[in-house]
Amino acid sequence: MAKDAQGFTRRGALGLTATATTALALPAAAQRPAKPNPRELWYTAPATKWTEALPVGNGRLGAMVFGGTASERLQLNEDTIWAGAAQDPVNPRAKGALPKVRELIFAGKYAEAEKLASADVMAIPLKQPPYQTAGSLMIDMAGADTQVTGYRRSLDLGTAVAETRWTAGGVTYRRRVLASPIDQVIAVRIEADLPGAIAARLGFTCPLKTWRVAAEGRDTLVLSGTGDPHDGRPGAIRFEARLHVLNEGGRVEAAGDALMLSGANAVTLLIAIATNFRRFDDLTADPTALTKAQIASAAAKPFAAIERASTTEHRRLFDRVRLDLGDGPALPTDKRIEAMRTGDDPALAALYFDYARYLLIGSSRPGTQPANLQGIWNDLPTPPWESKYTVNINTEMNYWPAEPTGLPELTEPLIRMVEELAVTGARTAREMYGARGWVCHHNTDIWRASAPIDGPQWGLWPTGGAWLSMHLWYRWEYGQDRAYLARVYPVIHGAALFFLDTLQRDPKLGHLVTNPSMSPENQHPFGAAVCAGPAMDNQLLRDLFDHVGEAARILGREDESTRAMAAARARLSPDKVGKAGQLQEWAEDWDMEVPEPKHRHHSHLYALYPSHQIAPDTTPALAAAAKRTLELRGDEATGWATAWRINLWARLRDGDHAHRILRFLLGPDRTYPNMFDAHPPFQIDGNFGGASGMLEMLVQDRGDTLFLLPALPSAWPQGSVSGVRLKGRGILDLTWRGGRLASALLRSEIAGERRVMLGDKAKTVRLTPGRAVRLTARDFA
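Per the working numbering: the sequence shown = residues -16 to 764.
Since the hints were derived computationally from the structure, they do not count as laboratory data. One should not assume that every hint holds.
What the hints assert, rightly or not - Okay, derived cross-link-like pairs now, DSSO-like style, lysine-lysine, Cα gap no bigger than 27 Å in a straight line: (1) 710 to 746; (2) 192 to 110; (3) 92 to 710; (4) 92 to 491; (5) 562 to 98; (6) 559 to 581; (7) 559 to 491; (8) 78 to 32; (9) 78 to 581; (10) 32 to 491; (11) 92 to 559; (12) 275 to 32; (13) 98 to 110.
The whole structure should be built from the sequences, with the hints applied where relevant.
Have a look at this one:
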């Protein structure tokens, strides 16, 4: 009998056309590739914790694969399963209370202002609902754990397939799991090298309050439920998870709330999940009709066809960029992470970079929800911080690597969310502030709530919409699509218009300031966090007003409002250097008196990264002050804050310092065995921010100026990166040897000049569509 390339015998099954169904003829040791796959996570034991399981996702559907033998768990997610329902959370007393809150803040009565805001300004309800799990599929395989040998589980980042292989009781098993973006199912393939060896009990379990499981016929199992109640209101989301079994040999039959499979040569399991959610204001979808249609379509194809289409689509995105930092040790991934305590592994950094891109592809695709605090993977009814969208850093960090690492399409869900927030945020701006435009505070959810939540010391920060609008601008900078710019212009204009109506004149300093606001989540020395005109707000508004003005010029839409924005920008407070040589976080020099001198946030360094307002070559004094702030804050923080520090030190052109922080991020204190970021607990933004920081060490793109190897660490003496996207529809391939540039290849779809920097040497190159420009170190001599 013929075998496929992976050693599986091709046999007839049930008298049908021959398919790859069974035999693993090779001994277990020979199943491992001769050369380690540099884009693979692999382990020698099943996961015992959720943070050891391996994620697959198609943007909308996600699964965590534990890799068990006798008992396998696939923990399931669908990105619109949330608790609660849409409502208007604006406090009806807010508009009347805000003038007094502002007065108290300007008078320096911060604690009193915060107390009043807590009672009369904050949202009702005070907390937003959580993102929730769809439950788990349990696959209990009788006899598959007897004298287990040759165990190996893996996740191939290049194919997006999780695989488990083991031998038990003289039978070798292989289980593969993928989440297809084409067929919109999670597909599982189980094979064995002995005919009739596969037997399993298949059942759903769910931790939500309202759910039920029922069989449909002999081969289908349906889990149906609703999102949990929130703030006394019933959950509005209805969902359905449908399992369909395609057995080859043997039989499958319903047994109460489970399916029993016996005597099979091989089996394909198809899982479809859908909800009634169409949009934050439309819950008219039919989850039963959707899952039935998805199963029917996928069931008409062999697993090999589903896998081929899924992998081809994944590679279309994933293969655009490749980072090579050399070969790594042939050790399981968890052992390599543990070894980072005392050593270094550049190849593990490259794997981490690839993993971040894999996770973004798996949690954010056109038409899905944006990646939330956990991307898409969550096993709890109430996860940490509700796994929603925290927009005072975390949501933005999720998308830092999207444009430069060749994944621009994946920003579509974020852009759509901002457009929807412009709708709900306009109501908040009007009813809470009496202002035009739109506003979002520090969190939002699937219902696109935009009022301030949690408490004034966290939520009374009005510039979330301003920061989110930057990502709409980045999409323009990289893509240069005028039709797109025209589409999003009303959104960024509306974000700026809100501040025209709400900025206040500081009676002491004379500048225009936000009030009330805060420097995100950081308490100042006066027993509160609320304040007027923190540095980050000024920095965000400088960029926002600039972007609106530039967009208006490009589109020919300059008017009285854009002129007023330019005038307001000129009246914002500039960045200041404090008495310790630090960049001031607040309008006054309070930094050295704060309760938490090593606070995880360093929001006032937005101007250094991701903005370009501060840089060593353009504002050296402010860059030195930013460096002093980083020294005072320290290198080790929560996962996302550690990742942000990598980007900041890279912008300061200190590659060895950035790398030192990266080593800490990659070690077991900040990276779980499955390479999820350990905030702790898990938050996915550290993965994305870490990848962004690695690229900043190699390439920095200011639009008019491109910096090659600006923060190359000595630990990476040689390597290459290809496919890096540049602003203005450009592409860069970069190779270095012995710590020096070997070759830079620049291509662009738009003609123009680009100033390229290598160290302190500059060269101006002319770019022409269809022609590449190659530079070496000699070109900068």
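The hints, checked one at a time:
About 18 Å separates the Cα atoms of residue 710 and residue 746, which keeps this hinted pair within 27 Å; it holds. Between the alpha carbons of residue 192 and residue 110 the distance comes to roughly 19 Å, so the proposed pair stays at or under 27 Å and holds. The suggested pairing of residue 92 with residue 710 is violated, with an alpha-carbon distance near 46 Å, which exceeds 27 Å. Taking the CA atoms of residue 92 and residue 491, the gap is about 14 Å. The hint holds against a cut of 27 Å.
Taking the CA atoms of residue 562 and residue 98, the gap is near 30 Å; set against the 27 Å cutoff, the hint is violated. A hinted pair counts as satisfied when its Cα atoms are at most 27 Å apart, and residue 559 with residue 581 qualifies at roughly 20 Å. Using a Cα cut-off of 27 Å, the hinted pair residue 559 and residue 491 holds, with the two alpha carbons roughly 16 Å apart. Under the criterion of a C-alpha separation no larger than 27 Å, the hint pairing residue 78 with residue 32 is inconsistent with the structure, at around 47 Å.
At most 27 Å may separate the alpha-carbon atoms for a hinted pair to count; residue 78 and residue 581 exceed this at roughly 35 Å. Between the alpha carbons of residue 32 and residue 491 the distance comes to roughly 55 Å, so the proposed pair goes past 27 Å and is violated. Only pairs whose Cα atoms come within 27 Å are accepted, and residue 92 paired with residue 559 is accepted, the gap being roughly 23 Å. Pair hint residue 275 plus residue 32 does not hold up; C-alpha atoms about 32 Å apart against a cutoff of 27 Å.
A distance of roughly 17 Å separates the Cα atoms of residue 98 and residue 110; the hinted pair therefore holds under the 27 Å criterion.
Violated hints for the displayed structure, listed by number in ascending order: 3, 5, 8, 9, 10 and 12.
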